[in-house]
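Chemist: Taking the hints into account, I'd like the entire structure generated from these sequences.
2 protein chains.
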Amino acid sequence: MAQPSRTLFIISDRTGITLENLVRTLMTQFDSYCCERMVLPFLDTPAKIDAALREIDAAAVEDGARPVVFSSLVDEGLRTRLKQANAQVFDIFDTYLPQLSQAIGVPHSGHIGLSHGIGDVGEYDRRVSAVNFALNFDDGSRFKGLGDADLILVGVSRCGKTPTCLYLAMQYAVMAANFPLTEDDFMFGRLPEPLRGHGERLFGLTISPDRLHRIREERRPGSDYASLAQCRREVSAAEGLFRSNAIPYLDSTAVSIEELSIEIMQRIGVERHY
Amino acid sequence: MAQPSRTLFIISDRTGITLENLVRTLMTQFDSYCCERMVLPFLDTPAKIDAALREIDAAAVEDGARPVVFSSLVDEGLRTRLKQANAQVFDIFDTYLPQLSQAIGVPHSGHIGLSHGIGDVGEYDRRVSAVNFALNFDDGSRFKGLGDADLILVGVSRCGKTPTCLYLAMQYAVMAANFPLTEDDFMFGRLPEPLRGHGERLFGLTISPDRLHRIREERRPGSDYASLAQCRREVSAAEGLFRSNAIPYLDSTAVSIEELSIEIMQRIGVERHY
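Sequence lines, in order, name chains A and B. Quick note on my numbering: the first sequence kicks off at 1 and runs consecutively. Quick note on my numbering: the second sequence kicks off at 1 and runs consecutively.
Rather than coming from a laboratory, the hints here were simulated on the basis of the structure. Note that this is a predicted model, so its numbers are computed, not measured. A couple of the hints might just be wrong.
No copy labels: a pair is met if it fits in one copy or bridges any two.
[What the hints assert, rightly or not] Taking lysine to aspartate or glutamate and the DMTMM-like style, the derived pairs with C-alpha atoms no more than 25 Å apart in a straight line are:
| # | residue 1 | residue 2 |
| --- | --- | --- |
| 1 | Lys48 | Glu36 |
| 2 | Lys144 | Asp44 |
| 3 | Lys144 | Glu200 |
| 4 | Lys48 | Asp251 |
| 5 | Lys83 | Glu36 |
| 6 | Lys83 | Asp94 |
| 7 | Lys83 | Glu55 |
| 8 | Lys83 | Glu123 |
| 9 | Lys83 | Asp50 |
| 10 | Lys83 | Asp44 |
| 11 | Lys144 | Glu218 |
| 12 | Lys48 | Glu62 |
| 13 | Lys144 | Glu183 |
| 14 | Lys144 | Glu217 |
| 15 | Lys48 | Glu271 |
| 16 | Lys48 | Asp63 |
| 17 | Lys48 | Glu239 |
| 18 | Lys48 | Glu218 |
| 19 | Lys48 | Glu263 |
Modeler: Written out as structure tokens, the structure is:
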């Protein structure tokens, strides 16, 4: 029997980012079922919780079905208040803190969560510095900073190097540089000069020629650069270069930036700074 | 009584990103207590779980304290296997799926989670396109695409526009453009010409002159550009421009990229595409 559509609320005293990702993960297990998601961040006062309660009640009436509420509210008073909602409420602190506290033998503090706040300023600045570091390499002209990189992503133009470097920087404060392989680099079949001596920090990205062709067509329609023949040639040459130089590599075609990032860090043993 | 240090394992069949963020949020509630965190991603076979069990057991012996394990394993067989660990195990699927299933009246599927996988290719491509869109504005020279932007961040050089645009793009596929304010823009006190007609999509960023000075000093030490006097002048002029043109703005000084992003989307009502 088909279930009525109902609204899924995500309620947090901070950004709600962690909670939204948790809910997204959980909902992958109900693949045929689709809820409307309402994210309500920064609810840190009783008045704001009360406004949320009104929204939840209105959704219950409109949907003709009890909403589901996921919350992350550090303040116990706010949590208690939210439980008056005409909804099934799951709060991650209620769920985990008592058992976690018992497991580690330490009481929990009740301070508001800072996992997506600025928290430790030094740590935060490292993330922003890493983003700027990644951006410096985006035009492929700043090879002199390669020595400062935690890792160097190597691959043909538009294979996904830059978004991956930016993700590594933003999430883990990893200094990731980006080295685009061009025709010139393939002529001699040797590792391009600026990459020599960085062996253990090099990681290759490859991509299916079909997908590369589609991506480049969007950028420069009808160009030689975007032609399938050119994409095939470059991808084949890049993979040859990776193999002959024992550079580990991954195919980005059907893999997300997040998956690539985590797997790259694991494979070459990069330390997370965050 | 001080508790012994113990190891906190994060075990996932995919990237473990969601889980790591959840654990980071929970651990903010035990601020004086510090665990060593071990992230073990992509554990999707019994053999890989067995290897993790050995690591967990070794940590228990070395620490002289039972590890705490957070896991997100979709496969019930793997979850059961992991429970043999000499550790307190919390699995998010065990925790939430039965109650969530009951709340929405739909059975859960047991398919592996894709919340950080490529999932819907169209959706994923929108995120990468948004990252590229944000990068196009990074040098401040590509004003002609402003019409395609979901929002336009305006502010002086180095106040945090680019990292915020990139985060909005990466996480929410929001097309965020970046417009740097320069001396020339301040001379007449009017909104710069390229920004006119985009009123409802403009959002200002400001920053404390002290912090701006420190950031610019790292980039161009000793320059006029980085001087505190210049930073004060620019920040004051930018804030004046925001106020006289009724552009909402936020101070990025003590606020993280994540908090800025969420608050900006909320304040100007930008739709998330992811």
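Chemist: If a hint holds in the structure, say so; if it doesn't, say that too.
Modeler: Outcome of the hint check:
For a Cα distance limit of 25 Å, the shortest separation of Lys48 from Glu36 inside one copy, 21 Å, qualifies, whereas the shortest one across copies, 36 Å, does not. Within a single copy, Lys144 and Asp44 get their C-alpha atoms no closer than 47 Å, and across copies no closer than 40 Å, so neither meets the 25 Å cut-off. For the identical chains of this complex, Lys144 and Glu200 are intra-copy neighbours only, at 18 Å inside a copy versus 42 Å across copies, given an alpha-carbon limit of 25 Å. For the homomeric pair Lys48 and Asp251, the shortest alpha-carbon distance between copies (22 Å) is at most 25 Å, but the shortest distance inside one copy (46 Å) is not.
When the C-alpha separation of Lys83 and Glu36 is checked against a cutoff of 25 Å, the pair qualifies only within one copy, where the shortest distance is 20 Å, while the shortest distance between copies is 34 Å. In this assembly of identical chains, the alpha carbons of Lys83 and Asp94 lie at most 25 Å apart whether taken from the same copy (11 Å) or from different copies (22 Å). Taking the closest pair of Cα atoms, Lys83 and Glu55 come within 25 Å of each other only inside a single copy of the chain (14 Å); across copies the shortest separation is 40 Å, beyond that limit. With identical chains, the CA atoms of Lys83 and Glu123 are never at most 25 Å apart, being 36 Å at best within one copy and 34 Å at best between copies.
Taking the shortest Cα distances, Lys83 and Asp50 sit within 25 Å of each other inside one copy (11 Å), while across copies they are farther apart (40 Å). Proximity of Lys83 to Asp44 under the C-alpha cut-off of 25 Å is restricted to the intra-copy arrangement: shortest distance 15 Å within a copy versus 37 Å between copies. In this homomeric assembly, Lys144 and Glu218 come within 25 Å of each other (Cα to Cα) only across copies, at 18 Å, whereas the closest approach inside a single copy is 31 Å. Only within a single protomer do Lys48 and Glu62 lie at most 25 Å apart by alpha-carbon distance; the minimum there is 21 Å, versus 47 Å between protomers.
In the homo-oligomer, the alpha carbons of Lys144 and Glu183 lie at most 25 Å apart inside one protomer (21 Å), although the nearest pairing across protomers, at 31 Å, exceeds that limit. In the homo-oligomer, the alpha carbons of Lys144 and Glu217 lie at most 25 Å apart only across protomers (21 Å), although the nearest pairing inside one protomer, at 31 Å, exceeds that limit. Proximity of Lys48 and Glu271 under a CA criterion of 25 Å is satisfied inter-copy only: 21 Å between copies versus 40 Å inside one chain copy. Taking the shortest Cα distances, Lys48 and Asp63 sit within 25 Å of each other inside one copy (22 Å), while across copies they are farther apart (44 Å).
In this assembly of identical chains, the alpha carbons of Lys48 and Glu239 never lie at most 25 Å apart, being 55 Å within a copy and 28 Å across copies at closest. Taking the shortest Cα distances, Lys48 and Glu218 never come within 25 Å of each other, neither inside one copy (45 Å) nor across copies (41 Å). Taking identical chains as interchangeable, the C-alpha atoms of Lys48 and Glu263 lie at most 25 Å apart only when they sit on different chains, with a minimum of 15 Å there against 41 Å within one chain.
Violated hints, listed in ascending order, are 2, 8, 17 and 18; each of the other numbered hints is respected by the structure.
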